[in-house]
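Asker: So the protein sequences, as listed, match chains A and B.
Just so you know, the first sequence maps onto residues 1 to 485 in the numbering used here.
Just so you know, the second sequence maps onto residues 1 to 485 in the numbering used here.
These are computed hints drawn from the structure, not numbers from a lab.
Note that this is a predicted model, so its numbers are computed, not measured.
Just so it is clear, CB atoms sit at the ideal spot from N, CA and C, and this is done for glycine as well.
Check the hints yourself; a few may be wrong.
[As the list claims (entries may be wrong)] Incomplete in silico selection of chain B near chain A, CB under 7 Å:
#1 Thr50
#2 Asn79
#3 Phe82
#4 Pro83
#5 Pro103
#6 Val107
#7 Val108
#8 Gly112
#9 Trp157
#10 Pro161
#11 Ala180
[What the hints assert, rightly or not] In silico contact screen, one side only, chain B against chain A (beta carbon under 8 Å); selected entries:
#12 Asp27
#13 Gln30
#14 Val47
#15 Val52
#16 Pro55
#17 Phe85
#18 Arg311
[Unchecked claim] Okay, the calculated beta carbon distance ranges per label pair:
#19 A:Glu117 / B:Asp74: 42 to 50 Å
#20 A:Ala392 / B:Gly113: 54 to 62 Å
#21 A:Lys136 / B:Arg462: 44 to 52 Å
Protein chains: 2
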Amino acid sequence: MTSDDDVATGHRPTGRAKGTLTSRETDFPQWYQEVISAAELADNGPVRGTMVIRPWGYAIWELLQAELDRRIKDAGAENAYFPLFIPESFLRLEADHVEGFSPELAVVTHGGGRLLEEPVVVRPTSETIINHSFAKWIQSHRDLPMIINQWANVVRWELRPRLFLRTTEFLWQEGHTVHASQEEAREFALCILRNVYIETMSEVAGIPVLAGHKTARERFAGAVQTWTCEGMMGDGKALQMGTSHELGQNFSRAFGIQYADDGGQLQYPWQTSWGVSTRLIGALVMAHGDDFGLRLPPALAPVEVVVMAVRDDAEVIRVAESLLSDLRAAGRRVRLDDRTDSGFGRRSVGWELKGVPVRLEVGPRDLGEGNVTVVVRHQRKKVQVRLAEAVAVVDEVLGRVTAELREEAVGFRDRRTVEVGGPRAAADVASTGFALVPWSDLGEEGERELADAGCTVRCLRRPDGGLAEASDAPDSLVAVVGRAY
Amino acid sequence: MTSDDDVATGHRPTGRAKGTLTSRETDFPQWYQEVISAAELADNGPVRGTMVIRPWGYAIWELLQAELDRRIKDAGAENAYFPLFIPESFLRLEADHVEGFSPELAVVTHGGGRLLEEPVVVRPTSETIINHSFAKWIQSHRDLPMIINQWANVVRWELRPRLFLRTTEFLWQEGHTVHASQEEAREFALCILRNVYIETMSEVAGIPVLAGHKTARERFAGAVQTWTCEGMMGDGKALQMGTSHELGQNFSRAFGIQYADDGGQLQYPWQTSWGVSTRLIGALVMAHGDDFGLRLPPALAPVEVVVMAVRDDAEVIRVAESLLSDLRAAGRRVRLDDRTDSGFGRRSVGWELKGVPVRLEVGPRDLGEGNVTVVVRHQRKKVQVRLAEAVAVVDEVLGRVTAELREEAVGFRDRRTVEVGGPRAAADVASTGFALVPWSDLGEEGERELADAGCTVRCLRRPDGGLAEASDAPDSLVAVVGRAY
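Work out the full structure, taking the sequences as your base and the hints as a guide.
Answerer: Put into C-alpha cells, the structure is as follows:
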C-alpha cells in the first residue's frame with residue numbers, strides 16, 4: 001500500500017452535513033427514510049403500510065435467507081408451506097392468541113364474487129393453521145419431534161408503518177415445533193435463539209445483540225416464555241430482531257394435538273415457535289449505516305466488490321475486466337461499473353449509498369504507475385496498491401469488515417449502556433441507550449411506570465449477561481430497558 | 001452386476017391392482033389424489049381450495065425453484081417483491097385484465113378492525129401493482145430493459161380445486177419486463193419460454209412439452225400474444241405448464257409508463273410477463289408417476305439415494321453409513337433408512353411412493369457375498385452389485401434416469417397424438433390424447449365447437465412443430481387440440 005487518504009467523492013451538495021443524506025445526528029428517522037430510498041432498498045406500496053422491496057433490498061434478503069435457511073435446516077427443520085387464509089374461527093381457539101392478534105387482522109369477506117359464509121383471515125402468524133395440521137400428522141411418540149419451518153408473507157395491519165420495521169405485510173420465516181417434553185422444547189427454542197438467530201446476527205450481519213427473555217407483559221400472545229435478541233440501533237433505540245417462544249401446551253390443548261407415549265398413554269406435546277423477518281434489513285441499515293449510506297457486511301452484500309473504470313480507456317477497461325474475472329474466480333460477488341458516460345463522483349456516491357464493502361478504482365493515472373485504488377467503505381479509506389496485489393488486498397479487507405463493524409457497534413452500545421436503580425433513572429438513560437436495572441428494583445409496577453415514559457423492558461438476563469435458567473429467582477435478574485422500534 | 005430381477009416389495013394389499021394405490025388405468029383422478037397423500041406431498045387446507053404443501057412436496061419445490069431461479073437470473077432478471085394487496089381500482093385500469101380476473105378475486109374489506117375505505121384485492125397476478133412501480137422507476141431509455149422477477153403466493157378463487165393443479169392460493173414466479181421495442185419484448189418472451197421454461201421442463205424434470213402460442217380465445221387477459229408449454233399427462237390430458245406473454249403496450253398505456261428515447265421523445269415501452277407455479281409438481285406426478293407412486297428425476301428428488309439397512313446388524317449399519325458418506329462426498333442428496341424396527345417391505349413401499357430414484361439395500365445375506373442391492377425406481381429393477389462398485393453404479397443409474405423418463409413420456413405422447421381434419425375428429429382423438437388439426441380446418445368457429453365438446457386448442461405451431469413467426473399466415477399453422485386440466 002502506497003498511500004492512505006481520506007475519501008473525497010467530489011459530490012457534496014450544499015445543505016447537507018456530508019454526502020447526499022440528512023445527517024443521522026440531525027434527524028435519524030429522516031436519514032433512515034432517505035437511505036432506504038437512495039440505496040433503492042424499498043418503496044412504499046399503494047395500500048397503506050405495504051412495501052415494495054426493490055432488487056437491491058431483495059438481494060440482501062436472499063443472502064440473509066440462505067444464511068438462515070442453512071442453519072435452520074442444520075437444527076433439524078424441514079421447510080413446508082401452509083395456507084395464507086385461515087378460518088376466522090381458528091384464531092379464537094387460543095384465548096391469548098386471539099386477544100393479541102385481533103386488532104391487527106386483515107379479513108377477506110368476499111371470494112369469487114360472493115360473500116363468504118365464514119370470513120377468512122390473512123395469516124398474521126401461522127400457529128393456528130399449522131397446529132391444525134399437526135393434530136392430523138401426529139399420533140405417536142415416533143412422530144416427534146416434528147420440526148417445521150416456512151418462509152412466507154404475513155399481514156398485520158399497521159397504524160404507524162415504517163419501511164422494513166413495521167409494515168402491514170412482511171416476509172419472514174416462522175418455525176413451529178412439537179416435542180415430547182417441556183425440557184426438549186425449551187432446549188430447542190434456545191438452540192434456535194443461539195445457533196440460528198444470534199449467530200446469524202452477530203457473525204453474518206455483524207450486529208451484536210443482547211439476549212434474554214421477555215417479561216409477562218411483553219410476551220408473545222399464547223407463549224409461556226419468549227426469548228428475544230435485542231440490538232441497539234444508531235440512535236440508541238432498541239430493535240427486537242428475532243424471537244423464539246416456548247408455547248407450553250397452550251396450542252396442543254387448544255388444537256387437540258396428542259401423541260401416544262411408549263406406554264400407549266395419550267399425552268399433550270410441548271411446542272415452540274420462532275421467527276425473524278425483513279425487519280432485519282432495517283436493522284442492517286440502522287446498526288451500521290453512516291451519513292453516506294449503508295455499510296454492508298460482505299456476506300450480505302449483493303455486490304462485495306465493484307470494479308470501477310474511471311475513464312473509457314482501452315487499457316483501463318482491459319484491467320478492470322481482468323480484475324473482475326480474478327475476483328469472480330475467487331468466489332466473490334462482483335460487478336463492473338463501466339458507465340463512463342456518467343460522472344465518476346456520482347457513480348462512487350451511488351455505490352457508497354448502497355453499502356458495497358469495497359470499490360476497486362481503475363484509472364489511467366494510477367495504472368501508469370502500476371497501481372489501482374482500493375476504497376474501503378466502512379472506514380471510508382482509500383489505499384493505492386500495486387495491481388498485482390489488488391485481489392489479495394481486497395480479500396484481506398473483506399475478511400475483516402464484519403468484525404470491525406461489529407466492534408464498532410459493540411463500542412457504541414457499551415458507551416450508551418448504563419447501570420441504574422429504579423424506573424425513573426432507567427427512563428432517563430433509555431432516551432439515549434440501554435439502562436440495566438435489577439428486576440428487584442423494577443417489578444411489574446416499575447414496568448408500568450416505564451411504559452408511561454415510552455420505554456419497555458427489552459429483556460431479562462442474569463447479571464453476567466447470560467440467559468436465565470428456570471431455577472433462577474426473578475429477583476436475581478437484570479432488566480435491559482430501552483425505547484423500542 | 002450379478003443379477004437383474006423384477007422388484008418384489010412384499011407388500012401388496014388386496015383390492016388394488018398393484019402396490020398400495022388405485023391403478024392409473026382404473027381411475028386416474030383417484031390415483032392422483034392417493035399419490036399426493038401417500039407420498040406426503042400435500043393436504044387440503046381448511047379454507048376451501050387452499051393447500052398445505054408438506055415437507056416432501058416443498059423440498060421438490062425448493063429444488064425446482066433453484067433450477068428456475070438460476071436460469072431466470074442468467075436471462076438478466078433481478079428478483080424483487082411487490083405487495084400482496086392491490087387497490088381494487090388498479091385492476092380496472094386495463095379492461096381485458098379486469099374482465100379476466102374479476103370472477104376469481106379474494107377481497108379484503110376489513111383491516112385493523114375497521115371497514116376499509118377502498119377494498120383491497122389479494123393479488124391474482126401482479127401486472128397492475130408492478131406496473132405502478134415501473135411508472136415511477138422508468139424515465140429514460142437508459143432505464144431499459146427493466147427485467148424483474150418475483151417469487152410469491154397468488155390467489156384465484158377456485159370453484160373446482162385440485163391439489164397443485166388448481167388451488168385458490170398457489171406459489172409461483174412471475175416475471176415482468178419493459179423494453180424499448182416490440183421486437184426486443186417478443187425476443188425476451190421467447191428467451192424465457194425456451195431457455196428457462198422448456199429447458200427446465202425437459203432437461204431437469206424430464207417432461208417433454210409442445211410449445212406454441214395461444215389462440216385469441218385462450219390468451220392471457222391483457223396480452224397480445226401468449227406463448228405456452230403444454231405437457232401430456234399420464235391419462236392423455238394436456239397440462240398448461242408455463243406461459244410467457246407479450247403484453248404489447250396495453251399496460252404501459254394503462255399505467256402511464258413512458259421513457260424518453262435518445263432523441264428525448266416520450267415513448268410507451270413494450271412489455272412481457274411470464275410465470276410457472278407449483279402446478280409443475282402436479283405435472284411431475286402425472287407425467288412420470290406409475291401405479292407404485294412418484295418417479296422423480298434426480299435433479300428434483302429431495303433424496304436421490306436412500307441407503308436402507310435391511311436389518312439391525314453391526315456390519316450392515318457400518319457399511320450403510322460408509323456408503324452414505326461416500327455418496328454424500330460425491331455430492332448426492334442421500335438419506336439413511338435404519339428404521340429396522342419397521343418392516344423392510346413397508347419401508348421400501350414408502351420410498352417407492354415418494355419416488356426416490358435409487359434405493360441401495362444393505363443386508364447381511366448380500367454382504368456375506370460382498371454385494372449390495374441397487375433398486376432403480378423408474379424401471380422397478382433390482383440389481384446386485386459388488387460393494388466396491390456400488391457408488392459407481394448408483395452414479396451411472398442417476399445419470400440416465402431423466403433421459404429415460406423423458407423418452408418414455410415422448411413415446412407415450414407420440415402414440416397418443418393423431419393428425420386429423422376438423423373439430424369433430426379432433427374432439428374424438430382428444431378423449432385419449434392430442435389431435436393435430438390444420439388451423440385452416442378449424443378456425444374460431446371450429447374452436448367453439450371444440451369447447452362444446454370439452455376440448456381446447458392448447459397451442460398453434462408450425463407444421464414442423466416450430467414456433468410461429470410474425471410473418472407466418474395463421475392458416476399455415478397447426479392446432480394442438482386436447483382436453484386440459
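Asker: Are the hints correct? Go through all of them and say.
Answerer: Status of the hints after comparison with the structure:
1. For Thr50 of chain B, the interface hint holds, since its Cβ comes within 7 Å of a Cβ in chain A; the closest pair sits about 4 Å apart.
2. With 7 Å as the threshold, the beta carbon of Asn79 of chain B comes within range of chain A, its nearest partner Cβ sitting at about 5 Å, so the hint holds.
3. Among the interface hints, the one on Phe82 of chain B holds; its C-beta lies about 5 Å from the nearest C-beta in chain A, closer than the 7 Å criterion.
4. Interface restraint check for Pro83 of chain B: the shortest CB-CB distance to chain A comes to about 4 Å, inside 7 Å, so the restraint holds.
5. For Pro103 of chain B, the interface hint holds, since its Cβ comes within 7 Å of a Cβ in chain A; the closest pair sits about 5 Å apart.
6. At about 4 Å, the closest approach between the beta carbon of Val107 of chain B and any beta carbon in chain A falls short of 7 Å, and the interface hint on this residue holds.
7. At about 5 Å, the closest approach between the beta carbon of Val108 of chain B and any beta carbon in chain A falls short of 7 Å, and the interface hint on this residue holds.
8. The interface hint given for Gly112 of chain B is met, as the beta carbon of that residue sits about 3 Å from the closest beta carbon of chain A, less than 7 Å.
9. At a threshold of 7 Å, the smallest CB-CB gap from Trp157 of chain B to chain A is about 3 Å, leaving the interface hint in force.
10. At a threshold of 7 Å, the smallest CB-CB gap from Pro161 of chain B to chain A is about 11 Å, leaving the interface hint violated.
11. Nearest Cβ of chain A to the Cβ of Ala180 of chain B: about 18 Å, over the 7 Å cut. The hint is violated.
12. A least Cβ separation of about 24 Å between Asp27 of chain B and chain A goes past the 8 Å threshold, and the interface hint is therefore violated.
13. Contact between Gln30 of chain B and chain A, as hinted, is not supported at the beta carbon level, the nearest pair being about 21 Å apart and thus beyond 8 Å.
14. Interface restraint check for Val47 of chain B: the shortest CB-CB distance to chain A comes to about 4 Å, inside 8 Å, so the restraint holds.
15. The beta carbon of Val52 of chain B comes within 5 Å of a beta carbon in chain A, closer than 8 Å, and the hint placing it at the interface holds.
16. Interface restraint check for Pro55 of chain B: the shortest CB-CB distance to chain A comes to about 4 Å, inside 8 Å, so the restraint holds.
17. Hint status for Phe85 of chain B relative to chain A: holds, with the closest Cβ pair at about 4 Å, below 8 Å.
18. The restraint placing Arg311 of chain B at the interface with chain A is violated, with a minimum CB-CB distance near 19 Å, outside the 8 Å limit.
19. The supplied range of 42 to 50 Å is met by Glu117 of chain A and Asp74 of chain B, whose beta-carbon atoms lie about 47 Å from each other.
20. The given range of 54 to 62 Å is respected by Ala392 of chain A and Gly113 of chain B, whose C-beta atoms sit roughly 60 Å from each other.
21. Our hint of 44 to 52 Å for Lys136 of chain A and Arg462 of chain B holds, since their Cβ atoms are close to 50 Å apart.
Consistency with the previously given hints fails for numbers 10, 11, 12, 13 and 18, ordered from lowest to highest.
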